[in-house]
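J.: Taken in sequence, the protein lines are chains A, B, C, D, E and F. Going by my numbering, the first residue of the first sequence is number 61, and it counts up by one from there. Going by my numbering, the first residue of the second sequence is number 61, and it counts up by one from there. Going by my numbering, the first residue of the third sequence is number 61, and it counts up by one from there. Going by my numbering, the first residue of the fourth sequence is number 61, and it counts up by one from there. Going by my numbering, the first residue of the fifth sequence is number 61, and it counts up by one from there. Going by my numbering, the first residue of the sixth sequence is number 61, and it counts up by one from there.
I should point out that these hints are in silico values taken from the structure, not numbers from a laboratory. Every value quoted in this text rests on a predicted model; they were computed, and no experiment measured them. Where hints are given, some of them may not hold.
The list cannot tell twin chains apart, which means a pair is met if one copy fits it or any two copies do.
Straight-line Cα separation of at most 25 Å, DMTMM-like style, residue types lysine to aspartate or glutamate; simulated pairs [what the hints assert, rightly or not]:
1. K233 x E155
2. K201 x D101
3. K201 x E272
4. K201 x E155
5. K201 x D342
6. K233 x E112
There are 6 protein chains.
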Amino acid sequence: MSVGPADLRAGSVGRRLVRLALEEDLAGYGDVTSSWTVEADVSARAHVVAREHLVVSGLPLAGAVLAEVDPAAEFRAILSEGAHVEPGEVVAALEGPARSLLTAERTLLNLLAHLSGVATQAARFAQAVAGAGAVVVDTRKTTPGLRFWEKRAVRHGGCGNHRFGLFDMVLIKDNHVAAAGGVAEAVRRARAAAPLGMKVEVEVEDEAALREALAAGADIVMLDNRDLDDLRALVAVARAERPGVLLEASGGIGLTTVRAVAGTGVDLVSTSALTAGAPPVDLALDFL
Amino acid sequence: MSVGPADLRAGSVGRRLVRLALEEDLAGYGDVTSSWTVEADVSARAHVVAREHLVVSGLPLAGAVLAEVDPAAEFRAILSEGAHVEPGEVVAALEGPARSLLTAERTLLNLLAHLSGVATQAARFAQAVAGAGAVVVDTRKTTPGLRFWEKRAVRHGGCGNHRFGLFDMVLIKDNHVAAAGGVAEAVRRARAAAPLGMKVEVEVEDEAALREALAAGADIVMLDNRDLDDLRALVAVARAERPGVLLEASGGIGLTTVRAVAGTGVDLVSTSALTAGAPPVDLALDFL
Amino acid sequence: MSVGPADLRAGSVGRRLVRLALEEDLAGYGDVTSSWTVEADVSARAHVVAREHLVVSGLPLAGAVLAEVDPAAEFRAILSEGAHVEPGEVVAALEGPARSLLTAERTLLNLLAHLSGVATQAARFAQAVAGAGAVVVDTRKTTPGLRFWEKRAVRHGGCGNHRFGLFDMVLIKDNHVAAAGGVAEAVRRARAAAPLGMKVEVEVEDEAALREALAAGADIVMLDNRDLDDLRALVAVARAERPGVLLEASGGIGLTTVRAVAGTGVDLVSTSALTAGAPPVDLALDFL
Amino acid sequence: MSVGPADLRAGSVGRRLVRLALEEDLAGYGDVTSSWTVEADVSARAHVVAREHLVVSGLPLAGAVLAEVDPAAEFRAILSEGAHVEPGEVVAALEGPARSLLTAERTLLNLLAHLSGVATQAARFAQAVAGAGAVVVDTRKTTPGLRFWEKRAVRHGGCGNHRFGLFDMVLIKDNHVAAAGGVAEAVRRARAAAPLGMKVEVEVEDEAALREALAAGADIVMLDNRDLDDLRALVAVARAERPGVLLEASGGIGLTTVRAVAGTGVDLVSTSALTAGAPPVDLALDFL
Amino acid sequence: MSVGPADLRAGSVGRRLVRLALEEDLAGYGDVTSSWTVEADVSARAHVVAREHLVVSGLPLAGAVLAEVDPAAEFRAILSEGAHVEPGEVVAALEGPARSLLTAERTLLNLLAHLSGVATQAARFAQAVAGAGAVVVDTRKTTPGLRFWEKRAVRHGGCGNHRFGLFDMVLIKDNHVAAAGGVAEAVRRARAAAPLGMKVEVEVEDEAALREALAAGADIVMLDNRDLDDLRALVAVARAERPGVLLEASGGIGLTTVRAVAGTGVDLVSTSALTAGAPPVDLALDFL
Amino acid sequence: MSVGPADLRAGSVGRRLVRLALEEDLAGYGDVTSSWTVEADVSARAHVVAREHLVVSGLPLAGAVLAEVDPAAEFRAILSEGAHVEPGEVVAALEGPARSLLTAERTLLNLLAHLSGVATQAARFAQAVAGAGAVVVDTRKTTPGLRFWEKRAVRHGGCGNHRFGLFDMVLIKDNHVAAAGGVAEAVRRARAAAPLGMKVEVEVEDEAALREALAAGADIVMLDNRDLDDLRALVAVARAERPGVLLEASGGIGLTTVRAVAGTGVDLVSTSALTAGAPPVDLALDFL
């Protein structure tokens, strides 16, 4: 998927994130080393180069960092987001005042390495379940301030997105069920209040709750922390009751277990391992 | 070190971070599930509980999340930051409207798990070098928006801080040296411009550069990507030339290699492994 | 539906709106008349009183105005949002420094009168379609800066919400269809990209497009600007093809025509008349 | 009056308003429909076209919406603000990435339709009093966040502005008189404190208060909620006492009554009907 | 004049100023010295004490600094703004965590010393013209970000305010006259556009321009850079033409010349010396 | 030192300052006089001209003011910051819409005159100590919101900078010593917590404290409010104990006394007279 201004705009949080990140690096004196050792009129060119196999993500944000530091500097993406990259490949090219490139370097790389790390992790999961008939999706265990961008990176890596936040889907968990007085009542309340475009998901603990959720008209049912046999059995019950319902498995699923879970017949497998703790990849800024 | 208002204040970036994080979770409708399934007048109490061995960090930020969601809810730290915690121990207690606790839950845990993850990682490094005579310090490879807090977490884990950003210390790297026309000239320019309270560090590639840096009056010299023999030799040169200079080793140092590097006689060992890719720890919010 | 802190929080835009509104009234000197003619230590009490029949909405925002002007002043809601009020009834009570109440008066009333106007308008539509088997929903023709609050007011009046913005639902209109090269392709692209919790709606012009939309798996189909006979015929087609699909009628529907449209068998009738041009109601602040 | 950058700048509130309006439409995912169904490199041209008779207002704000969505898109005003437009006339032309135009469309039209609605309403009032010797002016019953722009629209329609806010004029009402202990004392206090460029207006209930206000040196006297005979009598008293004083009639004045009030000899007739509840006009964005 | 919340609110710029000032002092680490040398639980009390004769101004802003640093600390004004103070007198009392008082100290004193310096300067001018029949007023030569507060300080010292900014009064200067094509045309344009509460002032160079300004209906005429004889002559012309017009002398007027100018019969003497370069007074924070 | 984008960026506070300053001048109506008397399409050119001897500082901020008012207007620096200027010399040239230049004029000049005033004051001090072997440095007694820029101006005038804020250096004063329980303990605590790049300064009252500070390893010692004989004696003690320690004299030092203090052997003389009360210089905007 290509990236246009509306995409960046969608993350107006992106602009605030870029400023926050630059301010923590540039508070007070700014980049004193560059200001004091490099003349203002020295120009430079540099390449963002991959140092390992990785999937690219975060280019608009990296460009926004450079633009925020110096509107006169230029950031040019060489590859597209979602591209699988070999070590040594050039991902992007920068040109402008040497001071500005040096000032932007670390913040720009921190973002690219982190988000490409998430995309690369997602690619590992996508490959693990290829052909198994279920989609791996992310969770809300994301880095504060970076959720929009991490969710994009998950898509760049070939996995899917669960809800973005608390605002765009109903997901009824055990505490909500307890507060509402039962699965059926919780689903009923949500249905009555939700706008027409919003789906309702409910987490269930056992077959009785599953049947109650299906009867109450949940669009999606989450089967949390079930073993493979349980999952298969619950899937069978659900398919018999209401074939079109979406079924999601979740809970402690990692790279080694994801394929087995995906093979139980569920539609979705959600895991925080796509984002939380995905290791940053090795990217460098080489001055030419 | 205890945490007072000035500490929080110092991170006014903290307040902005909290808002950014909450807005990405609460855009548009807010927490629709809780609003629609839980009555507004239901109260709740909950504990933040460790699910593994960890070192606590990030409590003021976690408290700020809850306060931002609902000023009437209460966040009470049970343990101090820096505490080493067993699985099952209660880290903090929350009390207030059930809706507010549910709305704050994920953002609060994401921050605590991430920052305690950094502190726990730092504790691993601190233990690895215990008695070796050098301090492990962090770098600027931090999560955008979270640097101040990750640096605090590094201290909670028992390691030290390198500079906070580009603004609070001069660190002359190869590109600066090239632009200035030599180590001596770069150091001279920085010395002339720097305010009286600021130290000057310079990265050197070999013994000649080291001698030039020492002669030019650098406060700290960074020995980048040297093997152990090189490090020992350069340390010997430096101690002979100027005993009081601070010497820093850096470059690709991990948990398995840090102790050997620390034993070469350098004062400081810097590594991005303290922050970049430090895995989040497992913490949960248990409703009582 | 009651209103808790999370609800207010969801509209962090609410806080910004309140500040924007107060700043346009208080720029420069602030409330000079009150500052110069009323002593700072004079207290006052006042009632917000309805001067006509109306449905109440906007109380949290009105309270936020007073709190922003003076945290020491108190705003107490006497009635709930959604209440149907007779002329002369007291909606809310204010107490605090007379200056603060006078300073807040106009901004507070402007918000309450506008939002209660929307709720009152919605109540007229809700009454018009009572028993007709369709729900009246709003559109995105709302007042810039006030959408969240106008959508709440629509619910207080007894109607429903269409999507909140461009972000929480796919709604494929003629321009999107043209750009994508057909209804089926547009729906396919959206399905491939959308997160699992998001529904896809598509606007159709005729029966052929309707059949294409149904075949492509649209969750909702919008029948735009059709006369009553057309609507009945298209509804029949759709129910025969896919009974569970949601059908929405839209386009130039007002209070006098809404019931007939609602009787055609559609599920939803959307109209901008709920919000755009809904006349503000008459509310006054009576000092006691 | 033409509109330059300083005019836009004056409403820096304008920029915040534009952002607030776009954020409520683009939170989270942004314009998902356009991102997922329209390729990033598709260009488009479109016209803003009037669908009814109207007076144009709000063009700088509409342009700011498009610029905020995409700095690379172009908004070109075809007509001037204040122009009286026939149905079918082109008001403005847009050009740029199709996605960006689609994303900006609704927010841009909402603003233009609302503000042109106010200008059109003002034109009705201006025509109603043409030749009657008094100017119709607005009040502070405006839409929160939009006051500056609604007041501009009132001028575009041919009416005048009362004060912008609480900050730029003294207007002493009954509560201020009561708090100060009388009309004379309230005027005296305001005179003593006001900067030299600020006028003082006072609201009076009867002839005695009018005489007191004139004696105290009020620049403007508001005659609130008086019938036509009362107004004529009070005007006669005031003209006899102090010919140059400005006299303002206010209170429940609508399109059908404004001419008669304007004929009583007052200088100004103020009415909230210029802004509150002025119906938005019908404008569309036609893609070429 | 007493200070209430509305007064502070008027200066929402005040809140932003306080944050800006604190952030430049607390960026990055915050107050490291206090954090590292003073325990978090140490309380302190301190007095703001005058070290010279001065007039107090700026107390709400000083209080806002402390509240921003630590909401739990208390700032209590002992004297009122506008009070004339002897050396050694206590102006305000502070109480709270020692760290918080130390962190706030410098920013708080910088504001108080600067604004009391302006008030003290104004008191010198007020005394210089006492009984001469003209009021000394300020200009727009103020410290960026502090105008509202410096204008308050001018009133605390006993002088008056000219316009607050470009927004609250028309002041036609030579460049405007040239652009409009003459004094009469410039005044006419301003009259046509100005809201009813706004006065029009025009700067004149000679008697012909003065007569033109009077004929065109200017409310105030500025006589710029005239010597005493010229001023007396122009005053005589103006009083003969239109007795009630306000006359203002301006241009290079200092403490030694202000009384003579004030004695020429003008109503107002404006001078930037009230604000620009007014020396800060000597105030200290004494810990008890 | 030249000024590049990174320098401006460092002062992101600069952008906020510019906006704050413009908003206090342009609230509400904006520049009404220019809007109403000057046509929007009139262009103008103008020069910023020195009216007295001065040292230039603040050009990037002046340019930012014009850019904020009107991105289409151009600000071109003719001289460099730090230049010593004769009366009549042109400092900068402006070109653009006449309205925009008139709107920006006062704010732009206020900043330039203030900051050039500080640079000019610094030049007086630099000249006073020329050859005396010590550097004059500033303090934190700066104008709130302008610290970064005033510190730059100090360097333009030829003096040096003490710390920027509370965040970038440890400076232990009497209250900290008291709270920590002694000079040695306070220094020890600071050393343990400070990042490796940060220096530690301590204020001492007498020789005993000086010796304690030196023994504890302070990098800099402040000798506060000592007479010349005391200074010489303390310098002798310190040089004997630890030759390389930096020694700073402070306390009530003005233009007439600074040279004598600088001659006592200290390294640094700090004085608030560089910034607090530095008179603004006379600069004008001449339209061509």
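J.: Take the hints in turn and mark each one as holding or not.
T.: Okay, the hints, checked on the actual structure:
no.: 1; hint: K233 x E155; in the structure: between (50 Å within a copy, 19 Å between copies)
no.: 2; hint: K201 x D101; in the structure: neither (44 Å within a copy, 28 Å between copies)
no.: 3; hint: K201 x E272; in the structure: neither (28 Å within a copy, 38 Å between copies)
no.: 4; hint: K201 x E155; in the structure: between (36 Å within a copy, 23 Å between copies)
no.: 5; hint: K201 x D342; in the structure: both (23 Å within a copy, 11 Å between copies)
no.: 6; hint: K233 x E112; in the structure: between (40 Å within a copy, 23 Å between copies)
The structure does not agree with the numbered hints 2 and 3 stated previously, though it agrees with the rest.
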